[in-house]
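Number of protein chains: 2
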Amino acid sequence: MNKREFIKYSGLAMGAVVAGTSSVFASSGRQKEKKHAFKGSALKLSFIPFELKLRHAFTIASNSRTTTPVILTMIECDGVRGYGEASLPPYLVENQKSVSDFLSKLNLSQFNDPFLIEDILDYVEGVEPGNHAAKASVDIALNDLRGKMMGQPLYRIFGLNPDKTPDTSFTIGIDTPEVVRQKTMEADIYKVLKVKLGRGTDKEMIETIRSVTDKPLYVDVNQGWTDREQALDMIYWLKERGIVFIEQPMPKERKDDIGWLTQKSPLPVVADEALQGIEDLLPLKGFYSGINIKLMKCGGVSNALKMIRIARAMDMKILVGCMTETSCAVSAAAQLSPLVNWADLDGNLLIGNDVYEGLTVVDGKIVLPDRPGIGIVEKVKVF
Amino acid sequence: MNKREFIKYSGLAMGAVVAGTSSVFASSGRQKEKKHAFKGSALKLSFIPFELKLRHAFTIASNSRTTTPVILTMIECDGVRGYGEASLPPYLVENQKSVSDFLSKLNLSQFNDPFLIEDILDYVEGVEPGNHAAKASVDIALNDLRGKMMGQPLYRIFGLNPDKTPDTSFTIGIDTPEVVRQKTMEADIYKVLKVKLGRGTDKEMIETIRSVTDKPLYVDVNQGWTDREQALDMIYWLKERGIVFIEQPMPKERKDDIGWLTQKSPLPVVADEALQGIEDLLPLKGFYSGINIKLMKCGGVSNALKMIRIARAMDMKILVGCMTETSCAVSAAAQLSPLVNWADLDGNLLIGNDVYEGLTVVDGKIVLPDRPGIGIVEKVKVF
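Residue numbers (my numbering), protein chains in the order written: chain A, 13 to 395; chain B, 13 to 395.
Since the hints were derived computationally from the structure, they do not count as laboratory data.
Among the clues, some could well be false.
It does not matter which identical chain is meant; a pair holds if it fits inside one copy or across any two.
Below, computed lysine-lysine pairings styled on DSBU-like, alpha-carbon distance capped at 35 Å [said to hold, decoys possible]:
no.	residue 1	residue 2
1	Lys-51	Lys-329
2	Lys-267	Lys-227
3	Lys-51	Lys-203
4	Lys-377	Lys-51
Use the sequences and the hints to build the structure in full.
Put into structure tokens, the structure is as follows:
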């Protein structure tokens with residue numbers, strides 16, 4: 013960053029210094045010198061495909077895999093770089109081609125003020141419906157960029173206490189008892205585990221884990237149960253074994269059955285597959301008692317914050333989750349975690365080739381980085 | 013502000029400068045030197061009662077008056093001052109004594125990080141229920157303070173475009189045709205007027221105004237209509253005369269009648285008295301098509317932003333309104349106005365002894381100040 017830019021940003025932030033004494037403003041006429049909108053260089057969006065390698069094959073109710081494709085994004089303004097990411101697990105509709113196609117259609121160079129995030133996201137939304145992960149990759153990069161340009165971490169811009177992050181769960185996929193036992197022991201530093209169920213080995217999975225640890229467990233069925241009476245019996249069985257909540261117990265289309273289950277369930281029933289973005293939230297009232305917010309589903313940090321505000325008004329519990337993704341998208345989600353009940357932000361821990369360094373987990377608890385924006389730095393050169 | 017403080021704030025904001033090149037962080041280990049939480053001086057809350065003098069006696073469906081009592085607040089940290097206000101029109105339950113009593117109970121000196129706004133407001137909320145205007149006076153001062161300490165106007169912290177502010181309406185109270193005609197002509201610079209109805213002279217009021225101007229009108233009945241069939245007839249009559257929406261047509265307790273009216277009304281029906289804070293919002297679905305958000309009702313800027321997010325998800329129209337208040341509270345509300353459909357932010361224009369300078373109105377449109385926080389400066393020394 014050259015000297016002119018240095019002075020420019022100092023000037024932007026210097027308001028903090030002079031604002032303390034309002035007489036400075038009143039007497040100096042300083043406000044006339046300032047401009048309403050920030051005028052930077054035209055925003056420049058870059059993106060590259062990347063393949064995440066999973067440390068272990070990952071199995072849930074619907075599939076098993078060893079890699080996850082992503083698109084890494086970067087938005088640049090005045091030499092400052094904001095980073096974003098679209099994670100594209102194969103069971104979702106988006107893929108590297110669809111994200112590349114969508115991002116290629118965007119003309120962000122029409123904007124030279126990255127602080128107009130509401131306008132820019134409105135524009136992006138209007139280009140084409142869907143493309144939630146692609147939109148998230150733009151939103152995350154923009155939020156990172158504006159945080160860096162303000163010199164503030166996102167949690168501070170949102171007014172949140174970085175010490176109030178929850179523990180994150182670590183996910184145990186469906187596997188043989190030997191592997192499950194091994195993974196559970198390896199997950200020693202985590203204070204809570206999330207267990208994938210729904211492939212007919214539910215009791216075996218839980219009993220295997222309980223043979224190793226008595227820590228609290230979250231259960232994610234990924235729509236795997238089909239009979240509501242059996243589901244309710246299983247939830248009672250799980251409650252006696254220290255399970256905290258049940259995520260997406262039945263197919264999302266079985267709304268009435270899920271509503272019946274939620275009504276009778278002694279544990280919170282959390283929507284995941286049943287929930288994409290903001291527009292899906294209000295109709296869940298009465299059918300679920302909680303929601304799983306993921307940046308890749310809802311389109312990014314900005315929408316996730318809106319959903320948290322709406323879900324709180326609905327008296328819903330909130331889980332913030334993730335896909336397998338780098339420390340980029342996970343650190344972005346973690347910025348909001350002081351506002352949620354539960355966090356399942358282990359996506360970066362499941363991969364072996366993370367290109368960023370961001371949030372850390374200390375004694376099972378999420379620790380937000382002391383850096384502006386989403387708080388990440390490149391471990392290897394990406395852009 | 014002395015040199016040590018200057019350097020401290022420069023340091024806080026300097027992240028903006030170095031963040032551009034992530035390698036600076038990665039290679040310098042700079043993040044280890046920084047602290048998660050900002051450590052400033054203990055927050056110091058001051059407040060003083062003040063009496064606003066109205067330019068004209070102001071008459072609505074329920075009462076008439078010439079003054080409005082307020083409490084002006086100030087929260088100080090490290091020599092930076094954030095300003096707030098509680099406006100206390102006599103028809104509401106709060107008054108200068110109740111606000112003073114509530115503010116006296118607060119111990120804000122336990123906080124030394126004004127950026128932890130969510131924590132601080134949770135604490136304030138927990139001290140005692142109700143006291144919405146008192147709480148707003150704390151929230152506004154805190155938001156002003158954190159904006160100043162970041163060197164950023166609130167609209168930028170919220171990601172909003174300051175050029176997208178709406179026109180503000182100017183309110184015409186119930187009065188004789190001569191006075192109404194006079195006031196309408198004096199309101200020449202406003203592109204839209206808000207007309208108070210509900211005292212039996214509705215058609216006379218509208219016809220008087222229409223004899224002077226054909227600009228769009230908002231109508232506020234302040235619960236003054238009692239018969240729903242007559243109300244619907246009146247709304248059709250008003251629609252033909254260029255009215256944009258109808259605010260609180262009937263008593264808030266008459267929820268079913270209002271729902272019936274909203275269903276059949278050719279104009280949006282906006283809740284005002286029926287709506288206090290966030291908790292009242294979801295139950296309005298189906299009964300009103302819009303809401304009037306006022307900082308004094310909902311407890312401040314932070315809650316108002318949450319309500320905007322929730323109301324949008326409900327497909328509600330949004331009006332941001334105010335009480336008679338100084339440029340302090342009005343400028344705070346104006347920071348959110350790029351997000352709303354309509355604004356009625358004329359409270360400061362109705363008083364003759366404003367102590368602050370903040371938002372301005374140019375060609376009828378709200379112009380946000382180019383200053384950090386809520387953007388006000390003292391016109392006369394208050395604290």
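Quick rundown of the hints versus the structure:
Proximity of Lys-51 and Lys-329 under a CA criterion of 35 Å is satisfied inter-copy only: 32 Å between copies versus 41 Å inside one chain copy. For the identical chains of this complex, Lys-267 and Lys-227 are intra-copy neighbours only, at 31 Å inside a copy versus 49 Å across copies, given an alpha-carbon limit of 35 Å. Taking identical chains as interchangeable, the C-alpha atoms of Lys-51 and Lys-203 lie at most 35 Å apart only when they sit on different chains, with a minimum of 30 Å there against 46 Å within one chain. Proximity of Lys-377 and Lys-51 under a CA criterion of 35 Å is satisfied inter-copy only: 23 Å between copies versus 39 Å inside one chain copy.
Taken one by one, the earlier hints all hold for this structure without exception.
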